[in-house]
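S.K.: If you want the building blocks of each chain, they are given just below.
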Amino acid sequence: MKRAVLVILLLLLLAPSARAETLRELLDEPASYDGRQVSFRGEVIGVIIKGDHAWVNIFDNGSAIGVWCRAEEAREISFIGDYTHRGDIVAGTGIFHLACAEHGGDVDIHAISLTVSEKGHVIERPMDVLLFSVSALIALAAVLLSFYLWHLRKERRKRVPWPFY
Amino acid sequence: MWGAMVLTPLTKEDLRIVGFNLSRISYVTGFVLFLPIIVAIFFNEFDNIPYFLIGSAISFILGSILYHFLYTQAEMELKHALVMAAVAWLFAPLLASIPIWLSGSMASPLDACFESISGFTGTGLTLAPDIDHMSRSINFLRHFLQFMGDGIGIIVISLSILGRTEMSSVLAFKGEAKEVGIRPSIVRTSRIIIGIGVMFLAIGTALFTVAGIQEGLDPGQAFFDGLNHAMTGYATGGFTVHSQSLLYYHSLWVEVAAIVIMIIGALNFNLHYAVLGGKRSEILRNLEVRVLLFVMVAFGFLVSSNLFSSGLYPTAESLFRKGFFQVISAQTTTGFQTVPPVHLMLVWPVFSILILSLAMLLGGSANSTSGGIKMLRVGVLFKSLVNEIKRSLLPRSAVVVGSFHHVEETPLSDKIIRGSAVIAMGYLILFTMGTMLTVLHGYGLEDSMFETASALGNVGLTSGITSPSMSPLLKVTYMFLMWAGKLEVIAVFVLIGFILLALRRGIK
Amino acid sequence: MIVGLREFSLREFLKKNLDLITGIFAEIGLTVLVMLLSFALCLLILIFS
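If you read the sequences in order, they're chains A, B and C. Under the working numbering, the first residue of the first sequence carries the number 62, and numbering increases by one thereafter. Under the working numbering, the first residue of the second sequence carries the number 3, and numbering increases by one thereafter. Under the working numbering, the first residue of the third sequence carries the number 39, and numbering increases by one thereafter.
Isolated chain A (complex conformation) (with noise of 0.2 Å):
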């Protein structure tokens, strides 16, 4: 009994540092990870350097949050993710703030360690030929029916007068 009881204290104590916790569960359940330290993962979308340190923002099903890094591991950073691009992965272990003192009350994570796990790579986008060709005809169509109509007016205003239009 006592040992199991100690084996599930150790588990919890354990717990945080043994598995990642997701982007959503820290921002969802703030106060009980609040100044702890806490394992991440997500994909860059975005990256400010600041001197010597930097914020590496990312991203993970939905949810976002600032990390505060040293520049070179930011600099580590191939890709940042936006429409044309899926960003580096990145992971780590770092302290989860609230509401960062040093940092203007912002929630951040202060990572201890900060590594590209997953490269990012290129997005193509390329163009849909059939939804090109079909707008282009709409745009033609647009284009030729207000002049059509321009057309019909100019012509009936030099048969009727206008109030009976």
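Hints listed in this document are in silico derivations from the structure and should not be mistaken for laboratory results. Glycine included, C-beta positions come from ideal geometry on N, C-alpha and C.
Using 16 Å as the maximum straight-line C-alpha spacing, the simulated EDC-like pairs for lysine to aspartate or glutamate come out as follows:
1) B:K14 - B:E79
2) B:K281 - B:E411
3) B:K510 - B:E15
4) A:K111 - B:E217
5) A:K111 - A:E163
6) A:K180 - A:D143
7) B:K281 - C:D57
8) A:K111 - B:D220
9) A:K180 - A:E134
Per label pair, the in silico range of CB-to-CB distance:
10) A:R131 - B:L286: 47 to 57 Å
11) A:R131 - B:S312: 25 to 35 Å
12) B:F296 - A:L198: 53 to 63 Å
Given chain A's structure and the hints, the job is docking chains B and C onto it.
M.R.: Chains B and C in isolation, oriented as in the chain A frame:
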């Protein structure tokens, strides 16, 4: 005008005038949807061009059909203008939702409509599941919709249409004679409004860009983000380029730039006109500015001290950047956020949430890009309350005459008080209904009040209720609230009256 | 060279648009006032706690 409207049944000509003037709205929408093509070309997003082309072409087709078949030379009267405004703010978002839906960045057509209405009304609630991977051209369109729809369109409407109604006679544009017809008035005021809007857009973009570069952003990104945030900041809209809202930048200076542009956006247009025309003292004498300043600072103080006493934010900087920033964002009805939405629901104390809801419901200045009941009405109602108290204390023979300073000394007439009270009541009724419907969906009371106030006051702060997984009924409810709130409830009443009249008496 | 630019005189421009420019500064001043007031209140909260 109201009596006359009830007596005379609708004629086909009435519908014709409304439809004909909608054609112009359709043309403008077509132009607005065409512009992002330039952004798409600039950023090599050629695959996005068809979306805008289709949306723009459909708008132009509808526009020319309406123009041709409903052509009329009859002068637009106030009732037509009101109905036109109410219909236009449904019609134009419907058109603008076409490219948003085609781009596949929304989960359903309803979501695309929601996003588009949120854009046109300058609300800023978003259902986009992944803003960070959204194409720049679609993102630009969202922000541009807010600038055109709210930053320019709504001010034109409130100055030259809503301001002429009996209910808000004090709000009409001071820069012109009252006898001018509605159409010429719209044309003339739009010119001034576009001029001032573009000027503040340039100032805002410059501020955001400088702040961004100074914080270490790449200059190109700083400019693109800055332009977009200046558009939504001036329109007190609140869409942002990143899913984290302004928290993305982790920067005091970006937030300071945002505060500057938000407060400027929330100032009355009559005030802009007076101050930029040389009456600088107006800025401190104006009743509305005084009320706005007082309420904003008082609410900020309450929220900050509440946050401090709950032990959340221990430093002065964090109280300013979280407490005051959130209050200013709510009061100006912008909706830039520096706190993750879910923290407003789970971490912030209830008192702060209630104060924020109140701030959102009261809103910024009348005739500005902000929403809510508006400070001028709050000020007028408060003054009239004081007068009532005076009246009950003084002997019966004494006559209490109030006045207030709004560009010029204006007597506090019963008409003004009545109009303010009616509109405030309209907002409160809608607020109660919206809150009840949200509570029905299983959300907590304070979060429901917060989210409803955010939709009704066209704010865009969210506690996490607004998400793609929200129930369709709630989405439609919020779309209605955004629309009704932006048109100051008046236009909606008139539209309902128009429809009832048509149903009861038919169309002659 | 752009013709308009050669004749551009900053002094003339400022003189003509004095009201506009001071007006803009007045409005920005108002926002700065709000921020200063807010920050002062934040400090007050800390001091009196």
